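Chains as they are written, first to last, in my numbering: chain A, 2 to 241; chain B, 13 to 236.
FYI, nobody ran anything at the bench for these hints, they're computed from the structure. All of these numbers come straight from a predicted model, not from anything done at the bench. Certain hints may be false.
[To be verified] With a cut-off of at most 27 Å between alpha-carbon atoms, the simulated DSS-like pairs for lysine-lysine come out as follows:
| hint | chain 1 | residue 1 | chain 2 | residue 2 |
| --- | --- | --- | --- | --- |
| 1 | B | Lys73 | A | Lys142 |
| 2 | B | Lys63 | A | Lys91 |
| 3 | B | Lys110 | B | Lys35 |
| 4 | B | Lys73 | A | Lys86 |
| 5 | A | Lys124 | A | Lys62 |
| 6 | B | Lys37 | A | Lys86 |
| 7 | A | Lys62 | B | Lys147 |
| 8 | A | Lys86 | B | Lys57 |
| 9 | B | Lys90 | B | Lys37 |
| 10 | A | Lys86 | A | Lys141 |
| 11 | A | Lys141 | B | Lys73 |
| 12 | B | Lys110 | A | Lys53 |
| 13 | A | Lys86 | B | Lys90 |
| 14 | A | Lys24 | A | Lys6 |
| 15 | B | Lys190 | B | Lys125 |
| 16 | A | Lys52 | B | Lys131 |
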Amino acid sequence: MEQVKLYGFGPSPFSYRVIWALKLKGVRFEYIEENLPIKSPQLLQLNPIHKKVPVLVHGGKPISQSLVILEYIEETWPENPLLPKDAYEKAMARFWIRFAQEKYPTLNTFFRTVGQDQELAIKEALQVLQILEDQALGNKKFFTGETVGLVDLSFGWLAYWNECMEETAGTKIIESTNLPRLHKWIENFKQNPIIQENLPCRDNLLAYLRTKREKIVLRRSLTSNGHKRQYNLLLSNPTY
Amino acid sequence: MSEVKLLGTQSSFPCARIIWALKLKEVEYEFIEEDLFNKSPLLLKMNPVYKKVPVLIHIDKPVVESLVILEYIDETWKHNPLLPEDPYERATARFWAKFVDEKCVLSAWEAVKSEGENKKKAIETAQEMFEHLEKQIAGKKYFGGEKIGYLDLVIGWTSLWLNAMEEVGGMKLLVPEKFPSLSEWTQNFIRVPAIQDSLPPLENVVNYFQVGLNYLRSLSANKS
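From just these sequences and the hints, can you work out the full model?
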């Protein structure tokens with residue numbers, strides 16, 4: 002049995018996509034936490050192009066980009082399949098997986114903005130979420146049927162990180178009243194025993210997000226008040 | 013009534029990828045040319061999320077996004093496989109396909125759009141991206157090995173569309189002295205019969221990109 006290692010970062014939902022896939026397949030692996038933003042020499046050697054986590058290393062061979070890793074896991078360990086067998090259903094799943102990646106920035110811009118920019122960001126996020134509610138999820142329990150699959154893992158951050166981001170930013174976007182099916186999907190996803198056992202510590206995540214949010218708000222107030230010098234000093238201080 | 017239809021435009025390279033794949037698999041299909049400034053009800057119905065081409069319609073069911081379509085074609089018509097069998101090699105091909113679409117295409121287009129000092133920087137950035145492809149193809153006839161495959165189809169736009177971009181942008185990115193292996197690969201690629209028979213005329217693609225660039229410039233002019 003070849004060794005499996007995963008280089009990841011605790012607060013990163015992309016790392017968790019891979020953790021979930023491995024755990025759902027019952028694959029034993031060694032997890033190595035990267036101390037971002039400082040990148041280890043191993044990470045830079047394993048992912049020289051993007052220099053990012055997650056990186057899966059199987060039998061000494063590295064694979065990076067979370068969605069590429071998910072497909073690799075699905076093909077290497079076919080038990081407990083996470084993609085449909087039918088070619089068309091699989092194509093639909095891959096479409097939504099790509100959609101999840103492409104719309105990720107739009108869905109969390111609200112966290113990186115304040116004031117009117119945030120209001121616009123929320124409006125745009127809601128449009129994307131409505132597509133998920135109506136077209137991706139429809140009447141299904143999970144995105145590809147009755148069980149958790151790769152599409153759910155791709156959107157998994159919405160089920161946990163998003164509510165922590167909303168709590169930190171003081172917003173309320175996904176609710177049972179406006180997005181009932183997505184709201185129910187979030188509950189169902191978190192109730193899956195493997196997912197439940199493999200989520201980052203909420204307090205740690207909130208603390209991490211709070212620090213990020215404070216910087217965002219401070220940056221906005223400095224730049225809008227014309228305090229560019231203070232803002233640039235802030236940027237140049239790596240310990241902030 | 014064709015079992016397989018492809019909604020697309022002759023000058024679009026994501027559409028070309030699909031034409032090449034269907035030809036390599038010897039699949040009969042009906043090509044339906046779309047006017048992207050006047051999208052048909054069929055396109056809007058078949059791709060309501062993105063409203064873009066290409067759209068493959070197989071027995072009335074639509075598949076969209078060129079990389080998704082390529083994998084669907086490979087799984088539906090299994091002869092002349094496009095992706096390797098080994099999962100690690102498949103992951104490597106998918107990794108580079110994402111890299112091409114997310115980094116190479118965008119950086120090349122950035123170089124087309126930019127002007128002055130920004131253009132010089134944009135060209136350098138784009139060439140850094142091509143440097144990675146140069147390393148990948150060095151010592152190989154095709155990205156797929158001895159026969160063309162998925163990654164060759166994904167990178168195939170550099171064989172003609174990049175020339176058109178260079179003409180529209182008034183610059184040279186794929187300099188043979190800097191990229192000897194990649195330049196040689198483009199020559200090998202366009203000589204493959206399935207590819208050769210389906211390359212659109214260069215002037216059509218030049219026009220396609222010029223119209224696109226003019227449109228983008230008019231949008232930013234209206235904003236300012």
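Consistency of the hints with the structure:
For the hint pairing Lys73 (chain B) with Lys142 (chain A), the CA-to-CA distance comes to about 23 Å; that is within 27 Å, so the pair holds. This hinted pair checks out: Lys63 (chain B) and Lys91 (chain A) have alpha carbons roughly 21 Å apart, not beyond 27 Å. Between Lys110 (chain B) and Lys35 (chain B) the CA atoms are separated by roughly 23 Å; this keeps the pair inside 27 Å, and the hint holds. A C-alpha spacing of about 17 Å is found between Lys73 (chain B) and Lys86 (chain A), which places the hinted pair at or below 27 Å, so the restraint holds.
Of the supplied pair hints, the one linking Lys124 (chain A) and Lys62 (chain A) is violated, its CA atoms being roughly 43 Å apart against a limit of 27 Å. Simply put, Lys37 (chain B) and Lys86 (chain A) have alpha-carbon atoms about 21 Å apart, close enough for the 27 Å limit, and the pair holds. Of the pairs offered as hints, the one joining Lys62 (chain A) and Lys147 (chain B) holds, with about 18 Å between alpha carbons and a cut-off of 27 Å not exceeded. Under the criterion of a C-alpha separation no larger than 27 Å, the hint pairing Lys86 (chain A) with Lys57 (chain B) is consistent with the structure, at around 26 Å.
With a C-alpha separation of about 8 Å, the suggested pairing of Lys90 (chain B) with Lys37 (chain B) holds against the 27 Å cut-off. The straight-line distance between the Cα atoms of Lys86 (chain A) and Lys141 (chain A) is roughly 17 Å, inside the 27 Å bound, and the hint therefore holds. The suggested pairing of Lys141 (chain A) with Lys73 (chain B) holds, with an alpha-carbon distance near 19 Å, which does not exceed 27 Å. Under the criterion of a C-alpha separation no larger than 27 Å, the hint pairing Lys110 (chain B) with Lys53 (chain A) is consistent with the structure, at around 15 Å.
Under the criterion of a C-alpha separation no larger than 27 Å, the hint pairing Lys86 (chain A) with Lys90 (chain B) is consistent with the structure, at around 15 Å. Between the alpha carbons of Lys24 (chain A) and Lys6 (chain A) the distance comes to roughly 13 Å, so the proposed pair stays at or under 27 Å and holds. Note on Lys190 (chain B) and Lys125 (chain B): the hinted pairing holds, with a Cα-Cα distance of about 22 Å set against a maximum of 27 Å. With a CA separation close to 26 Å, the supplied pair Lys52 (chain A) and Lys131 (chain B) stays within the 27 Å bound.
Violation of the numbered hints given earlier is confined to hint 5; every other hint is satisfied by the structure.
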